[in-house]
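Going down the list, the protein sequences come from chains A and B. So for the first sequence, the numbering used here puts the first residue at 1; every next one is plus one. So for the second sequence, the numbering used here puts the first residue at 1001; every next one is plus one.
The set of hints was computed from the structure by calculation and includes no laboratory data. Just so it is clear, CB atoms sit at the ideal spot from N, CA and C, and this is done for glycine as well. Keep in mind that the hints are not guaranteed to be accurate.
[Stated by the list, open to error] Ranges of calculated distance between the beta carbons of each label pair, as one might list FRET restraints:
#1 A/Q51 x B/P1264: 19 to 29 Å
#2 A/P491 x B/R1402: 42 to 52 Å
#3 A/G296 x B/D1072: 18 to 28 Å
#4 A/E2 x B/N1263: 32 to 42 Å
#5 A/Q85 x B/E1308: 29 to 39 Å
#6 A/D290 x B/P1192: 50 to 60 Å
#7 A/S155 x B/E1006: 52 to 62 Å
#8 A/Q85 x B/G1370: 15 to 25 Å
#9 B/A1249 x A/S126: 56 to 66 Å
#10 A/S126 x B/R1219: 20 to 30 Å
#11 B/G1370 x A/Q109: 36 to 46 Å
#12 B/P1264 x A/P491: 50 to 60 Å
[As the list claims (entries may be wrong)] DSBU-like mimics (lysine-lysine), calculated; alpha carbons at most 30 Å apart, straight line:
#13 B/K1283 x B/K1374
#14 A/K322 x A/K523
#15 B/K1005 x A/K74
#16 B/K1283 x A/K74
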Amino acid sequence: MELTLWTYEGPPHVGAMRIAASMEGVHYVLHAPQGDTYADLLFTMIERRDQRPPVTYTTFQARDLGGDTAELVKRSIADAVDRFQPQALLVGESCTAELIQDQPGALAQGMGLELPVVNLELPAYSKKENWGAAETLYQLIRGLLKHQMPEAGSSKADPARWRQEGRRPRVNLLGPSLLGFRCRDDIREVRLLLEELGIDTHVVAPLGATPADLLRIPEADANVCLYPEVAESSCRWLERQFGMAMVTSVPIGIAATQRFRQELQQVLQLDAIPEVADASRMPWYSRSVDSTYLTGKRVFIFADATHAIAAARIASAELGFKVVGLGSYSREQARAVRAAAQELGLEALISDNYLEVEAAMAAAAPELVLGTQMERHSAKRLGIPCAVISAPLHVQDVPARYAPQMGWEGANVIFDSWVHPLMMGLEEHLIGMFRHDFEFVEGHMSHKGEKPPAPTDTNEAIEAAAAASGIAEAEVLSWTDSGRAELGRIPFFVRGKVKRNTETYAQERGIHAITDEVLYEAKAHFSR
Amino acid sequence: MEILKESGQREVFCGLTSIVWLHRRMPDAFFLVVGSRTCAHLIQSAAGVMIFAEPRFGTAILGERDLAGMADANEELDRVVTDLLGRRPEIRTLFLVGSCPSEVIKLDLAKAAERLNNQLQGRVRVVNYSGSGIETTFTQGEDNALSALVPLLPATEAPQLLLVGTLADGVEERFLTLFERLGIGPVASLPPRRSTELPAVGANTKVLLTQPFLGTTARALQARGAELLSSPYPLGVEGSRRWFEAAAAAFGVTPLHCASILNPLAERGRAAVEPHRRELEGKRLFLLPDSQMELALGRFLHRECGMELVEVGTPYLDRQLQEQELALLPADLQLSEGQHVEQQLERVRASRPDLVVCGMGLANPLEAEGIATKWSIELVFSPIHGCDQAGDLAELFARPLRRRTALAFA
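Okay, chain B solo, but in the shape it has when bound (with noise of 0.2 Å):
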């Protein structure tokens, strides 16, 4: 598979984004980042709508009496967080987020973590991690934050699978419940609902990645001893499946059972999927690089949705991560890496696809030049893992195709 490597102007947000969704699913954590009014806006924007009566994330900004040394930095972040945690007495995990600009001055918040974890002797435990936009895309914010708990799971010896990701909540217990019926467990997740509820880790816990961007986790999760299990990520009824059966296979459910707990799930994905192929078949895709689930996505709407494959964009490439990946997609895939977006939209507009998938800055202007889009950043809020959802997200990228078709002004 050739691999186009480009470098300029990048049209992806940072790490920083992915607190959007890292809050909603620990309710007692809260997200602070340490950077600039940019930081706020930026999450802020990402966030689109603003409903909640205080946040559980926020920004400490920097002022010019920070960076020109007249304040101690290190003595108004703790003054900010005192007051922040005061006002919040609910919080019981305070994640520090580095921004650029903390990155660019060296402010140690890792140090700053471990004086205010004395100072709070417990009550509030603080951790930090960077989802600064010179060393982290997107969802790596959240391979950042994750990676940022390893060192404080408690250790077992006791056998294990551990979920590692973000799933909507309807997602994970139906996942549980079907482990459960696999004859699977016990099973943890990673982040936890509850931020003081870390999971344990050791030599006998089996891991599986939800989402192919935490490879941080991963490798730090194995440090500890744990075994990666490798599969296709679990998007579309084949990903599903077979992300199924790795644990399986990992804790020896037998084939026959296994095959007469997902057989009647994939029968009943793929009906539901099929509504929707018949859309996408023969449609030309063209994925722009986001949120590092491209080449799930892309060989989800390949092989299950019959699309063909223009250009696949990737951030950058996890090539342990993406294996079983990149083993499901077609050799001659034209695949880039990293981005030149002027560069790559020369390419979008030269092949004329039938639907581009890319960041909200992007999707209206190519919907001006008569290009159908599908605004990726839905992906990462949506429930789309799983057989069950297999039909749902298809229905994502089918729909603005069908959309253009019921439209009429003449």
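So here's chain A without its partners, still in its complex pose (with noise of 0.2 Å):
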């Protein structure tokens, strides 16, 4: 029994309807509770999507457990097939269902329906969404796969075939889907930089796709991996037992950007890959002098696995920050962040309880965070800025417009969507600093037509930011009035770090009060 407040991924039936809503002509009967059918607003709020996620529930109450629940289960689906007209089926059930033990998947099968039905066993109390999503689309293209693969022993398909038959390479992009970060743009941006090699986009999946579009993906050369969280499982089965060739770079950042591109030459042996001149503005912006402030900023990152990887580059390399912190709340990829997090000397926070992550982000005292909506939460409460980069999502990260994250395009959106709020600090910083000027005095009000601060949010803030940080007053440690006034001149970003180096500085020199002089002595003995 493990206590969750805030939970990161939903259970795994969440991930399979990642799936079947991301795809057309999929239907998936859910054996679950009434309550489950919360689920959809995760689809018709979050996403704005205009259509209800393509699922029927069984909603069995209570009296039912009396009767006759499998019944219930085959009415549901036999309606469903009836009223949906879908290309394949998924069955399966939610957490309390498992418990009831209706095996819905071999019902259906027992049932003679005449259209591919793939029986989904997500073990709700062990996995999550992230893995029952990939499990939901592995078990899907193995299921409509299963008559096409190879006899064992036969040759592997060669990447480079496309030459011998007369046509331009292809491949097919698996992983996006919904409810994943910015999949939607980052679809079109990975289509332009394969049509930029003179490759072709085969089939995409699951976000698009339907039952017959999977049964073509063998007809690629490669498959990109462009999510591993949902497509490694699927990759590695296709290569396993099609012999497909698999593309594992990830095209977020312009070094990864790069490498996306040398590996598609590598594996479908393209003769060159043509120089893009000014493909993306990323670089010069971040060369510009305008940039040089950006120099050394403290980042802490907690994401999915993908994203976080993909942060920690970009944030080190292209835009000279320093990365304080890194972490990922998927497990299954653990192993990867470990190895980026070692990359900068760091050691990877995996974890899916965010007031760990929380513990750490304070501890860290960065200047940004790069997070999920649950780490922009904590941030807003520690009063550090943040950029939202990976899912668990809320509405405002699936914009109108286009933002996708891969690519070149990918980079340029990146630099403004973390600079933005680093900027933002600042501005936030300079009007804390000028505040007692004439203009910001009672009755004025800065350009964004706020009233000033008040004075009193010095000391709250300090109180709060020191609370959120788990540090507990020490009984014998007093402010004084001088100290309190000079902390308050610290920028509010690093404030806390600055209060708590001070504390302990007075307390290892058995100082009680602290007093201006002794903020600026710590100060000089921690930049020693």
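Grab the two chains, each in its own frame, and use the hints to assemble them into the complex.
See the structure below:
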């Protein structure tokens, strides 16, 4: 039993819903009690979808449990097939139905339905959403392609066979799904990257694919594993069973996009990679003098594995930040995250406990947080600017505009969306610094039309920051007025750290009253 | 009145969802769901925003070890509770909330509460109830939570009015002022604002429900000797007025005094509704089953805003609690109980209503089909009770219609 307050991932059947809702022509019959229909709103509200996810819930009640819930399952399946006429049917159960063991998948397979039926067994008490999504995509691909499987021992498909066949090379893009981060726009951007290299995009799945599209997967020369959380098990199986090559570079960031191009060249044996002049503005923006102030900015990163790893590399190499914390809730991909952290001399935080993440964030005293919606809230409480880089999402993370993360344009989007919150943080600091100037005194408004911050804000902010970082006010320590005033002048995003350092310094020296002088002595001590 | 009883797929939250407003009402209480990751994800998704550092609700997620019997679920629960209370010393009442999985594996939360109460020796009171989706819909969670408190209420023989059901704090204060003006008192509330300050109950307690979904609680209070006052619910001018009048009659307030207090309120309320009435009048309304407030809302929108009721759906019909609402609804009303969501949506499409009140899972898909919607969840979070809120309540329904006429892309 594990206490959970907020959770990064939903249960595995929500992962299955993501696959079903991403595709066309697939229907999912879910044996589940009535409350489980809440999951529809993830798609209709957060993703702002204009249609209900293709899911039929049996919505059994306590009074059904005494009777024949298996009959209810069969009735729901028959009704769903009749009403929605899907090309393929997924059948599974949520946590409660798993306990009553009706085995809906087996029931469906015994009904003699004239369409492919995939029995999903997603252990709700040990697995989570991303695993459920990956397993569902894998089971669906496997179920649909099992009749096409080459015989054991037959020769491996040659990824360069496009030459003999006198056509352009073609690849599948596997992994983009609903409730993933910016998948819709990433597909468009990756298509452009492939077009630059003269490669055709064959099947994109699950987002927008039909079961008939999945049947065409083996026609491609390679599979691009765009989001390992969702597609890795499928790509591995296709590699094993169909000998299909797998491209593993995820093109988020300039260097990663170049690596992606190079890997495609190697795998497909392309002649050359065309140079694209000024493909992205990001390198110039990062080199330009205005960006000097980004140098060494302390960044804390926590996300799904794909986006956390990419963010760490971009932050350190392409924006000149200092990564002071790196972690992920994706336990399945923990190894890759640990390796990425090691490259930066860090130890990765692998956790699905947001309080642990928040504590690590506070301890690292970053100036910018790159995280999920959970970290956005933690960062807000700690007064640190934050950009969202990964699921779990809110509705504002599904923007109307084109905002990919991948490819050349993705790098532009990343530059803007990571630097913007830092600028806002700086602006807030400047407003704080000048708030005693006459323009800011009571009655005058800043250009944003907001009231100047009340003078008491400082002390409250200090206490809030201290409370949030779990620092208990030492009984013997007290801040004098001069100390407090000086602390209030420190930019809010480093104030917590300065306060803690000063207190440590004072404690070590037996100083009880922290004056402005003590603060500056501590500052000098720690900057040595 | 003909009632269409349907069974099939339901598109309704389970009772766990009511934790979202209950925990705000009692800031010194913690709601611990004993359930699965699905339960945690449901509450998080229904709550919509995650703005609390550490929310006063959480889920003790059952793992494989608990189910396989490798770990004693009771010991595990005690451990989780001890950790939780250690970190949250300000918590005075802990609600152990049963879920679908805990009901199915028959984890006895009543026993667990008893055991924990012994261990905690009065420092924290532990109460249990079920919010499971196999037994409760949406607002029934509040009914179960409040009925679990009823045995703990101290006894009193003193005459009093007891308001039952969560109200927004501001609305409650306004109601208390009005009761004082009417000369009715003392007035107590269940749930109270502090979980330790439970109201008393006894033979001279008169109960006035603020919400129509509190049947179990009402009957438990009756069993403790309280008298249940029958009235329409305080939504809209008419409902609110009749609600206050029911209390006034029970407390022997003269009709003249009652009218002197309520008349100006009603007049002002009607004036506030009027501009919205002009937009809503003659428009056709379809209420999908959700919060149990559908009958009262339908009554308000029909009688005070002039809307035509195509169908009013309710997850279940408690005839005793809805008696007064049913009497005010048109005799030829199409009322449906339970749900078969596909068939119901077919009726929605066939009847082309001007406005559909529905849950968040259905709103955008219906909008995309060209049908205006109002999400019902807002009705359990917003202050909508009383004459003073009648205008705001009407505005909630007029806004989607006004927005549609305001938008133009050509």
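For each hint, the structure was consulted:
1. A/Q51 x B/P1264: 19 to 29 Å: violated (49 Å)
2. A/P491 x B/R1402: 42 to 52 Å: Holds: the Cβ-Cβ distance is about 45 Å, inside 42 to 52 Å.
3. A/G296 x B/D1072: 18 to 28 Å: Check failed, 52 Å falls outside 18 to 28 Å.
4. A/E2 x B/N1263: 32 to 42 Å: violated (58 Å)
5. A/Q85 x B/E1308: 29 to 39 Å: Holds: the Cβ-Cβ distance is about 35 Å, inside 29 to 39 Å.
6. A/D290 x B/P1192: 50 to 60 Å: holds (57 Å)
7. A/S155 x B/E1006: 52 to 62 Å: Check passed, 59 Å falls within 52 to 62 Å.
8. A/Q85 x B/G1370: 15 to 25 Å: Given a distance of about 23 Å, which is inside 15 to 25 Å, the answer is holds.
9. B/A1249 x A/S126: 56 to 66 Å: Holds - the Cβ-Cβ distance for B/A1249 and A/S126, about 59 Å, lies within 56 to 66 Å.
10. A/S126 x B/R1219: 20 to 30 Å: With a Cβ separation near 41 Å, A/S126 and B/R1219 fall outside 20 to 30 Å, so the hint is violated.
11. B/G1370 x A/Q109: 36 to 46 Å: Since B/G1370 and A/Q109 have Cβ atoms about 39 Å apart, the given range 36 to 46 Å holds.
12. B/P1264 x A/P491: 50 to 60 Å: Holds, since B/P1264 and A/P491 (Cβ atoms, about 55 Å apart) stay within the stated range.
13. B/K1283 x B/K1374: Holds. B/K1283 to B/K1374 sits at ~14 Å (cutoff 30 Å).
14. A/K322 x A/K523: holds (20 Å)
15. B/K1005 x A/K74: Holds. B/K1005 to A/K74 sits at ~22 Å (cutoff 30 Å).
16. B/K1283 x A/K74: Not OK: B/K1283 and A/K74 at ~40 Å, beyond 30 Å, violated.
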